[in-house]
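Novice: Residue numbers (the UniProt record's numbering), protein chains in the order written: chain A, 1 to 317; chain U, 1 to 299; chain V, 1 to 480.
Simulated from the structure, these hints should not be mistaken for laboratory data. Being a predicted model, the structure only gives us computed values, none of them experimental. One should not assume that every hint holds.
Unchecked claim - Straight-line C-alpha distance at most 35 Å; calculated DSBU-like pairs for lysine-lysine:
1. V:K315 with A:K262
2. A:K169 with V:K427
3. V:K427 with V:K450
Claimed, not checked - Taking beta-carbon pairs under 7 Å as the criterion, some of the chain U residues facing chain V (in silico):
4. K116
5. V148
6. N154
7. Q155
8. E257
9. A261
10. L263
11. R265
12. E289
13. T290
14. V293
For every residue, glycine included, the Cβ atom is placed at its ideal position computed from N, Cα and C.
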Amino acid sequence: MPDTAVAALAPDIAASNTSLRAYLHGLPGVDEVGARARAADLATRSIKTTAKRAAIDLAIRMVDLTTLEGADTPGKVRALCAKAALPDPQDRSVPRVAAVCVYPDLVATAVSALAGTGVGVASVATAFPSGRAPLDAKLSDTRRAVVDGATEIDMVIDRGAFLSGDYRKVYEEIIAVKDACGAAHLKVILETGELVTYDNVRRASWLAMHAGADFIKTSTGKVSPAATLPVTLVMLEAVRDFRAATGRQVGVKPAGGIRATKDAVRYLVLVNETAGPDWLDPVWFRLGASSLLNDLLMQRTKLTTGAYQGPDYYTLD
Amino acid sequence: MPRLRKTTERAPAAPGRLAVRKTYKLYVNGAFPRSESGRSYPVTSADGRHLANAALASRKDARDAVVAARKAFGGWSGRTAYNRGQILYRVAEMLEGRAAQFADELLAAEGGTRAKAEELVAAAIDRWVYYAGWTDKIVQVVGNANPVSGPYFNQSTPEPTGVVAVFAPQDAPLLGLVSVIAPVIAAGSTAVVVTSERAPLPAVTLAEVLATSDLPGGVVNILTGRVPELAPHLAAHADVNALDLTGTGDLARELEETAAATLKRVLRPREDEDWTADPGLSRITPFLETKTVWHPVGV
Amino acid sequence: MADQIFEYAPAPESRSVVSIDPSYELFIDGAFTPASGDERITTLNPADEEPLAEVAVATSADVDRAVAAARRAFDEVWGPMPGAERGKYLFRIARIIQERSRELAVLESLDNGKPIKETRDVDLPLAAAHFFYYAGWADKLPHAGLGPDPRPLGVAAQVIPWNFPLLMLAWKIAPALATGNTVVLKPAETTPLTALAFARICQEAELPPGVVNILTGAGATGRALVAHPGTDKVAFTGSTEVGREIARAVAGTGRRLTLELGGKGANIVFDDAAIDQAVEGIVTGIFFNQGHVCCAGSRLLVQESIADELLERLKARVERLRLGDPLDKNTDIGAINSAAQLARIRDLARAGAEEQAVGWSPACELPERGYWFPPTVFTGVSQAHRIAREEIFGPVLSVLTFRTPDEAIAKANNTPYGLSAGVWTEKGSRMLWAANRLRAGVIWSNTFNKFDPASPFGGYKESGYGREGGRHGLEAYVNA
Numbered sequence: 001m002p003d004t005a006v007a008a009l010a011p012d013i014a015a016s017n018t019s020l021r022a023y024l025h026g027l028p029g030v031d032e033v034g035a036r037a038r039a040a041d042l043a044t045r046s047i048k049t050t051a052k053r054a055a056i057d058l059a060i061r062m063v064d065l066t067t068l069e070g071a072d073t074p075g076k077v078r079a080l081c082a083k084a085a086l087p088d089p090q091d092r093s094v095p096r097v098a099a100v101c102v103y104p105d106l107v108a109t110a111v112s113a114l115a116g117t118g119v120g121v122a123s124v125a126t127a128f129p130s131g132r133a134p135l136d137a138k139l140s141d142t143r144r145a146v147v148d149g150a151t152e153i154d155m156v157i158d159r160g161a162f163l164s165g166d167y168r169k170v171y172e173e174i175i176a177v178k179d180a181c182g183a184a185h186l187k188v189i190l191e192t193g194e195l196v197t198y199d200n201v202r203r204a205s206w207l208a209m210h211a212g213a214d215f216i217k218t219s220t221g222k223v224s225p226a227a228t229l230p231v232t233l234v235m236l237e238a239v240r241d242f243r244a245a246t247g248r249q250v251g252v253k254p255a256g257g258i259r260a261t262k263d264a265v266r267y268l269v270l271v272n273e274t275a276g277p278d279w280l281d282p283v284w285f286r287l288g289a290s291s292l293l294n295d296l297l298m299q300r301t302k303l304t305t306g307a308y309q310g311p312d313y314y315t316l317d
Numbered sequence: 001m002p003r004l005r006k007t008t009e010r011a012p013a014a015p016g017r018l019a020v021r022k023t024y025k026l027y028v029n030g031a032f033p034r035s036e037s038g039r040s041y042p043v044t045s046a047d048g049r050h051l052a053n054a055a056l057a058s059r060k061d062a063r064d065a066v067v068a069a070r071k072a073f074g075g076w077s078g079r080t081a082y083n084r085g086q087i088l089y090r091v092a093e094m095l096e097g098r099a100a101q102f103a104d105e106l107l108a109a110e111g112g113t114r115a116k117a118e119e120l121v122a123a124a125i126d127r128w129v130y131y132a133g134w135t136d137k138i139v140q141v142v143g144n145a146n147p148v149s150g151p152y153f154n155q156s157t158p159e160p161t162g163v164v165a166v167f168a169p170q171d172a173p174l175l176g177l178v179s180v181i182a183p184v185i186a187a188g189s190t191a192v193v194v195t196s197e198r199a200p201l202p203a204v205t206l207a208e209v210l211a212t213s214d215l216p217g218g219v220v221n222i223l224t225g226r227v228p229e230l231a232p233h234l235a236a237h238a239d240v241n242a243l244d245l246t247g248t249g250d251l252a253r254e255l256e257e258t259a260a261a262t263l264k265r266v267l268r269p270r271e272d273e274d275w276t277a278d279p280g281l282s283r284i285t286p287f288l289e290t291k292t293v294w295h296p297v298g299v
Numbered sequence: 001m002a003d004q005i006f007e008y009a010p011a012p013e014s015r016s017v018v019s020i021d022p023s024y025e026l027f028i029d030g031a032f033t034p035a036s037g038d039e040r041i042t043t044l045n046p047a048d049e050e051p052l053a054e055v056a057v058a059t060s061a062d063v064d065r066a067v068a069a070a071r072r073a074f075d076e077v078w079g080p081m082p083g084a085e086r087g088k089y090l091f092r093i094a095r096i097i098q099e100r101s102r103e104l105a106v107l108e109s110l111d112n113g114k115p116i117k118e119t120r121d122v123d124l125p126l127a128a129a130h131f132f133y134y135a136g137w138a139d140k141l142p143h144a145g146l147g148p149d150p151r152p153l154g155v156a157a158q159v160i161p162w163n164f165p166l167l168m169l170a171w172k173i174a175p176a177l178a179t180g181n182t183v184v185l186k187p188a189e190t191t192p193l194t195a196l197a198f199a200r201i202c203q204e205a206e207l208p209p210g211v212v213n214i215l216t217g218a219g220a221t222g223r224a225l226v227a228h229p230g231t232d233k234v235a236f237t238g239s240t241e242v243g244r245e246i247a248r249a250v251a252g253t254g255r256r257l258t259l260e261l262g263g264k265g266a267n268i269v270f271d272d273a274a275i276d277q278a279v280e281g282i283v284t285g286i287f288f289n290q291g292h293v294c295c296a297g298s299r300l301l302v303q304e305s306i307a308d309e310l311l312e313r314l315k316a317r318v319e320r321l322r323l324g325d326p327l328d329k330n331t332d333i334g335a336i337n338s339a340a341q342l343a344r345i346r347d348l349a350r351a352g353a354e355e356q357a358v359g360w361s362p363a364c365e366l367p368e369r370g371y372w373f374p375p376t377v378f379t380g381v382s383q384a385h386r387i388a389r390e391e392i393f394g395p396v397l398s399v400l401t402f403r404t405p406d407e408a409i410a411k412a413n414n415t416p417y418g419l420s421a422g423v424w425t426e427k428g429s430r431m432l433w434a435a436n437r438l439r440a441g442v443i444w445s446n447t448f449n450k451f452d453p454a455s456p457f458g459g460y461k462e463s464g465y466g467r468e469g470g471r472h473g474l475e476a477y478v479n480a
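Okay, chain A solo, but in the shape it has when bound:
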């Protein structure tokens, strides 16, 4: 991972909210209709046969298998971890997923369940999903998850502060959380469904990247719309341009609402033709999802056997 320091904003830009605002509003605008049209155009790519097989395996390796429910229990998390490490017990050639994503209090459970599997443990933190808590609480939320063994932290930005124009507050909060993460990777959730405009998405992406985000992530999954192709397109453009400007590569994670293999493949096409093949790796691109994995497995088997699959043959967790 490159040194995040190179990407930090020049001190005079981050010095005041006024200068930060001037910087972010100086980014090129995004035309909503054009962005949607480009995403829709890429969605018509036809990925078949060998390409589809490669895409499915890559998508599986990119999945952050997620459970973020009030009703989550250690039992539920253990079952999810088993699935993450061995997605299809009948087919050992299926790769493992990238990580399991849980609430902070279940990190320890996940860590022990996944010990030795190579599957990462991601934890949402910072008063997920609303982010409406004092900074102290957010930081202790984060530290606890890291102490319990989380290798990745998915924080939420303060959308209220962002929408009220207090970019500096958002910026400093990300820096503080990044600091609290230590060695854990930081994914910054923009909650694009609440930012609404693609101009905001672009600004929030740059703000998060400058503040030290290792990943920018679309959504909590608790707000509609969650991940969409055009919003991911805008974020992929941001990481592409950020690397060109600073030399530092940042990852992207769409999350929420990605349920079908067809959708996952469309995201991979988007990555391939927007940010480029450098991002076609679980280190740089993740899919936050739960039910997607089984559809990927079914499609994978269909490609192998030629027969359409039924959900009863795939484990439910």
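Based on these hints, arrange chains U and V on the given structure of chain A.
Specialist: The following block gives chains U and V in isolation, referenced to the frame of chain A:
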């Protein structure tokens, strides 16, 4: 207003007072030059009396007129439609003030009764008023929004075509003349007008009206002379966007063929045009272009 | 690993959905009938130069026959028919095009060389939509603002180009039929097959014989058709050169004429543009349909302050374009339509290089057989260069820069053409300012190469006259 003495009449035998005759010149770029060729030709009345000598425009005069019309186009088309309407109405006002003079000239040129001449002058004035009222309505009547199948604002609006070479009718020296000039400039184009060869004098007097009516120089340029001499050059001129061939008679076909080389818009002569009839939009739309603008609708 | 991970496998659309006859006759008076001469044209698949079919070449005697059939149909059937009934035929045709759109899309890609993605997503939906749109006008003409009782002109002679064969047919035939005219249409020499398929659609729709007649052939057939004194209207889409010829032929005959001709569209990018969408718009503007588009944004005018950055992004984007098999669903750039067109593109590209413009193309493997030209971007172009003035009609972009808005407009308008222009800015007032000043019939602001049956299309100056599409498109086919 005192009745102006008509300069072409024989001066009454006022002892010691020789009448001051008017020199009829061209009207180009807001000024009244003689033909660069130095030529003129005699104009006679309907009953064969010599009325005056009119400038005989050359192809170089036509070229100068096109330059003037092109130069004026940006400013004229860029004025608000309301302003263009005000100016056209002002032309009507000025013409009204000179109604008697025009009636005299028409009478001399066309013969007939004074009542008929006055009727034609009145109709010509009313025609300016008619087109003055069109300037700010054309866009609404001819343009429209288009409901395209997608998130786009889409609107079509008419725009003036540019420089129009207008060949005025040979046989309707005032009403016909006004009827072919006013629609062209109402919509924002500029005009190079070749008048009736036989009866050019009302056109020159009209030029005097235009020159004093807030119409910017170059918007209307008036050439007296011969269609066969001038028309081929104007039809071939690459900086002329459109032709009104009304007064070109037998030459119309050849001129339309010439115009094809630069794909000019061409208004063909019509059979037996009734200049007193309501023209509607029939002389405006041939000199309009339709511009359609698309823009995405998004946040 | 990443680079090998996601090579898109071939995804060809199946050819089996379309069956092509070895040979086609002329479509006159509702039936396929042999030409009076022996001459025939072989139409090729430009992607591999393999012959697809032979078509008849209509002689002037055949033109006479077709015009007579159209006249009869106009006098006896189509002219007198109530508008509502005419409209129903057009609705029927629209539906059949939709139902057979896959077959027609494949046929169009085979005959033209354009990517299936475009025939499938653009040509076919728009062709059907055009018939749908004008179908609805057939019984509403008194409301079109063209006078209380607009009357049809009679027989329309229509000649269309090869770049959007079926779509241009729809643009010509739908408004003509909706207003009560009958037509004799000549498709382009190199792309006759979808027009012949359309003839069968007319049969399937039970359109009365003679209302639509399709004559295949080359220049001589077209000349005979547009010069035919039995026609009342000529409509042509194609090159400005041929447009001039037709305007001369029609002069003095009193027959009505509309022309949709060439262009050298300027695509103006201001420094505040939404840059990623501007790049997409530039790509769509010049590489859509291999640049075989009269309204292509073939001159990029970019504000000097962002020129370097924009060009870098543009090149990165162009490198992602996928050139190859037109039937592959992932192909972005297909084949050049003909050997003749390829030669013209090569000639102008050579002229660009000779005039010291700097040409650039992505590393791009061209298929061995067929007619291909890589997407090409010329920088360092000035207004005086041939590639900045002449219509190339291929995937070749000329890049010029400007410093101020006035300079951009002046350069954009500095052409005898006036078909299209693009404006990219995030500032609404600047967009409207520019749109006002551009002398072109279609202004795309923050978008490019969008078409719709409701939207009038056509040019200023030497790009032709008359409009196709929308309410304005009716005017070309009625006496108000």
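Novice: Would you check the hint for A:K169 and V:K427, treating anything up to 35 Å between C-alpha atoms as holding?
Specialist: Given pair A:K169, V:K427 holds - Cα atoms ~29 Å apart, limit 35 Å.
Novice: Taking 7 Å as the limit, does the beta-carbon of U:N154 come near enough to a beta-carbon in chain V?
Specialist: OK, holds: U:N154 within 7 Å of chain V, min 5 Å.
Novice: Have a go at the U:Q155 hint: is there a Cβ in chain V nearer than 7 Å to its own Cβ?
Specialist: Violated, about 9 Å.
Novice: Going straight from one Cα to the other, do V:K315 and A:K262 come out at no more than 35 Å?
Specialist: holds, 29 Å
Novice: For the restraint on U:E257, tell me whether the closest CB of chain V is nearer than 7 Å.
Specialist: holds, 4 Å
Novice: Report holds or violated for the interface hint on U:L263, using the least CB-CB distance to chain V and a cut-off of 7 Å.
Specialist: holds, 5 Å
Novice: Have a go at the U:K116 hint: is there a Cβ in chain V nearer than 7 Å to its own Cβ?
Specialist: violated, 31 Å
Novice: Does U:A261 pass the interface check with chain V, least Cβ-Cβ distance below 7 Å?
Specialist: At 6 Å from the nearest chain V Cβ, U:A261 passes the 7 Å test, so the hint holds.
Novice: Is the interface hint for U:T290 satisfied, with its Cβ closer than 7 Å to some Cβ of chain V?
Specialist: With a closest approach of 5 Å, the U:T290 hint holds.
Novice: Per the CB criterion, is U:V293 less than 7 Å away from chain V?
Specialist: At 5 Å from the nearest chain V Cβ, U:V293 passes the 7 Å test, so the hint holds.
Novice: With a cut-off of 7 Å on the beta carbons, see whether U:R265 makes it to chain V.
Specialist: holds, 6 Å
Novice: Hint validation: U:E289 versus chain V, beta carbon distance must be below 7 Å. Holds or violated?
Specialist: With a minimum Cβ separation of about 5 Å from chain V (threshold 7 Å), the hint on U:E289 holds.
Of the numbered hints given earlier, the model fails hints 4 and 7; all others are met.
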